[in-house]
Amino acid sequence: MLLYRSDEFYNRLSHQELQTLMNENNAWIQRLTAQGKVKPGRALERRGAIVSGKNGRFVTDGPFAESKEAIGGYLLVDVETLDEAIAIAQSIPSLAHGGSIEVRPLAEECPLDVRARELAREEQLVTV
Amino acid sequence: MNTQNQNGYMLLFRGNDWIKGLSPEEKQKVTDQWMAWFRRLTDEGKAVAGNPLEREGKIVSGKNRVVSDGPFAESKEAIGGYFLLDVASMDEAVAIAQECPGLPYGVRVEVRPVAPECPVASELKREAEFATV
Chain A
1 MLLYRSDEFY NRLSHQELQT LMNENNAWIQ RLTAQGKVKP GRALERRGAI
51 VSGKNGRFVT DGPFAESKEA IGGYLLVDVE TLDEAIAIAQ SIPSLAHGGS
101 IEVRPLAEEC PLDVRARELA REEQLVTV
Chain B
129 MNTQNQNGYM LLFRGNDWIK GLSPEEKQKV TDQWMAWFRR LTDEGKAVAG
179 NPLEREGKIV SGKNRVVSDG PFAESKEAIG GYFLLDVASM DEAVAIAQEC
229 PGLPYGVRVE VRPVAPECPV ASELKREAEF ATV
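First to last, the protein sequences are chains A and B. The first sequence: position 52 = 52 (the numbering used here), numbered continuously. Heads up, the numbering used here is the position in the second sequence plus 128, with the first residue counted as 1.
Hints are computed from structural coordinates only; laboratory data are not their basis. Some clues are possibly wrong.
As the list claims (entries may be wrong) - Only pairs whose alpha carbons sit at most 30 Å apart, straight line, appear in this in silico BS3-like list of lysine-lysine:
{"no.": "1", "chain 1": "A", "residue 1": "K54", "chain 2": "B", "residue 2": "K204"}
{"no.": "2", "chain 1": "B", "residue 1": "K174", "chain 2": "B", "residue 2": "K191"}
{"no.": "3", "chain 1": "B", "residue 1": "K157", "chain 2": "A", "residue 2": "K68"}
{"no.": "4", "chain 1": "A", "residue 1": "K54", "chain 2": "B", "residue 2": "K155"}
{"no.": "5", "chain 1": "B", "residue 1": "K148", "chain 2": "B", "residue 2": "K191"}
{"no.": "6", "chain 1": "A", "residue 1": "K39", "chain 2": "B", "residue 2": "K148"}
{"no.": "7", "chain 1": "A", "residue 1": "K39", "chain 2": "B", "residue 2": "K186"}
{"no.": "8", "chain 1": "A", "residue 1": "K68", "chain 2": "B", "residue 2": "K155"}
{"no.": "9", "chain 1": "B", "residue 1": "K204", "chain 2": "B", "residue 2": "K155"}
{"no.": "10", "chain 1": "A", "residue 1": "K37", "chain 2": "B", "residue 2": "K155"}
{"no.": "11", "chain 1": "B", "residue 1": "K155", "chain 2": "B", "residue 2": "K174"}
{"no.": "12", "chain 1": "B", "residue 1": "K253", "chain 2": "A", "residue 2": "K37"}
{"no.": "13", "chain 1": "A", "residue 1": "K37", "chain 2": "B", "residue 2": "K157"}
{"no.": "14", "chain 1": "B", "residue 1": "K191", "chain 2": "A", "residue 2": "K39"}
{"no.": "15", "chain 1": "A", "residue 1": "K68", "chain 2": "A", "residue 2": "K37"}
{"no.": "16", "chain 1": "B", "residue 1": "K253", "chain 2": "B", "residue 2": "K191"}
{"no.": "17", "chain 1": "B", "residue 1": "K204", "chain 2": "A", "residue 2": "K39"}
Claimed, not checked - Computed beta-carbon distance windows for the label pairs:
{"no.": "18", "chain 1": "B", "residue 1": "E245", "chain 2": "A", "residue 2": "D78", "range": "34 to 40 Å"}
{"no.": "19", "chain 1": "A", "residue 1": "R31", "chain 2": "B", "residue 2": "L212", "range": "43 to 49 Å"}
{"no.": "20", "chain 1": "B", "residue 1": "E153", "chain 2": "A", "residue 2": "Q90", "range": "25 to 31 Å"}
{"no.": "21", "chain 1": "A", "residue 1": "S67", "chain 2": "B", "residue 2": "A164", "range": "31 to 37 Å"}
{"no.": "22", "chain 1": "A", "residue 1": "T20", "chain 2": "B", "residue 2": "K157", "range": "48 to 54 Å"}
{"no.": "23", "chain 1": "B", "residue 1": "Q134", "chain 2": "A", "residue 2": "D78", "range": "22 to 28 Å"}
{"no.": "24", "chain 1": "A", "residue 1": "A27", "chain 2": "B", "residue 2": "E257", "range": "44 to 50 Å"}
Said to hold, decoys possible - Which bits of chain A does chain B cover? Going by a derived footprint, with three or more residues having C-beta under 8 Å, they are:
{"no.": "25", "segment": "16–29"}
{"no.": "26", "segment": "33–40"}
{"no.": "27", "segment": "82–94"}
Note that the Cβ used here is the ideal one computed from N, Cα and C, for glycine as well.
Model the full structure from these sequences, guided by the hints.
Quick look at the structure:
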């Protein structure tokens, strides 16, 4: 999964720069789609809510749109290795204007499950 | 914030360190609850996708496309997984987020409306509208 992190950099671009970026982006996504390397991604609105606390009793506005860390969207890439996913992330046209891409492998199973099993096994070893 | 959005909502689960200090039984309990929750939402047609993410990863940033390690596994902000919801309002998405079994252990859920298109495209359209006025 590629997570796009940036502030609203596109508000600082000229019309010409925006148009160029849009064209580059379209060509980029078309090439990867033709190669069968991407699954649909989505952009996220730059507003939302954060739910926290027991039973989700705290609901606050967030994230802050001006934050460089705010997630603006995601893309799923269908490749075998992290290196390949990184190479695709590096070819993202909008990086020329700043921001960053977080590259994360989807987990086969929930890491919670894996950890719970590990702990259970460790306990077994101790009790043997 | 009771906005309608036909494109659905995304739940981002934040926090990776909350599992520390739980007993194996507690961990198993939360995991089972989480899976049952996702299955129920899927059966109800409210969750259309979801995935846990591995704790490892890389960050690619800036013009020079520098690759660095990240996110930091122990970070409270690190994203551990996501659900994609097919619900029509922010209120409904927030109500589902409030059911997250990780909340009592410090997980935070970010609720985000999915955008109809890339913001660069929206920006161009907005400019075009101004130009024709």
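Within the segment 82–94 of chain A, is the number of residues with a Cβ closer than 8 Å to a Cβ of chain B three or more?
-> holds (count 6)
Given the hint that K148 (chain B) pairs with K191 (chain B), test it: the Cα-Cα distance must not exceed 30 Å.
-> violated, 37 Å
Between K157 (chain B) and K68 (chain A), does the CA-CA distance stay at or below 30 Å?
-> Measuring from Cα to Cα gives roughly 36 Å; hence the hint is violated.
Keeping to a limit of 30 Å between CA atoms, is the pair of K37 (chain A) and K155 (chain B) held or broken?
-> violated, 35 Å
Agreement of K68 (chain A) and K155 (chain B) with the hint, judged by alpha carbon distance not exceeding 30 Å | With Cα atoms ~33 Å apart, K68 (chain A) and K155 (chain B) exceed 30 Å; violated.
Outcome, coverage hint (the segment 33–40 of chain A, chain B; C-beta under 8 Å; three residues) | That given contact is violated, which follows from only 0 residues of the segment 33–40 of chain A lying within Cβ reach (below 8 Å) of chain B.
Quickly compare the C-alpha distance for K39 (chain A) and K186 (chain B) to 30 Å and report which way the hint goes.
-> holds, 20 Å
Holds or violated: are the alpha carbons of K37 (chain A) and K157 (chain B) at most 30 Å from each other?
-> The given pair, whose Cα atoms are some 36 Å apart, is violated under the 30 Å limit.
Return holds or violated for the Cβ distance of A27 (chain A) and E257 (chain B) against the range 44 to 50 Å.
-> violated, 25 Å
Range agreement (Cβ of D78 (chain A) with Cβ of E245 (chain B), hint 34 to 40 Å) = violated, 22 Å
Starting from the range 43 to 49 Å, see whether the pair R31 (chain A) and L212 (chain B) falls in it by beta-carbon distance.
-> violated, 25 Å
Would the pair K191 (chain B) and K39 (chain A) pass a check requiring their Cα atoms to be no farther apart than 30 Å?
-> With a Cα-Cα distance of about 25 Å, the restraint between K191 (chain B) and K39 (chain A) holds, given a limit of 30 Å.
Hint compliance for this structure: hints 2, 3, 5, 6, 8, 10, 13, 18, 19, 20, 24, 26 are broken, all remaining hints hold.
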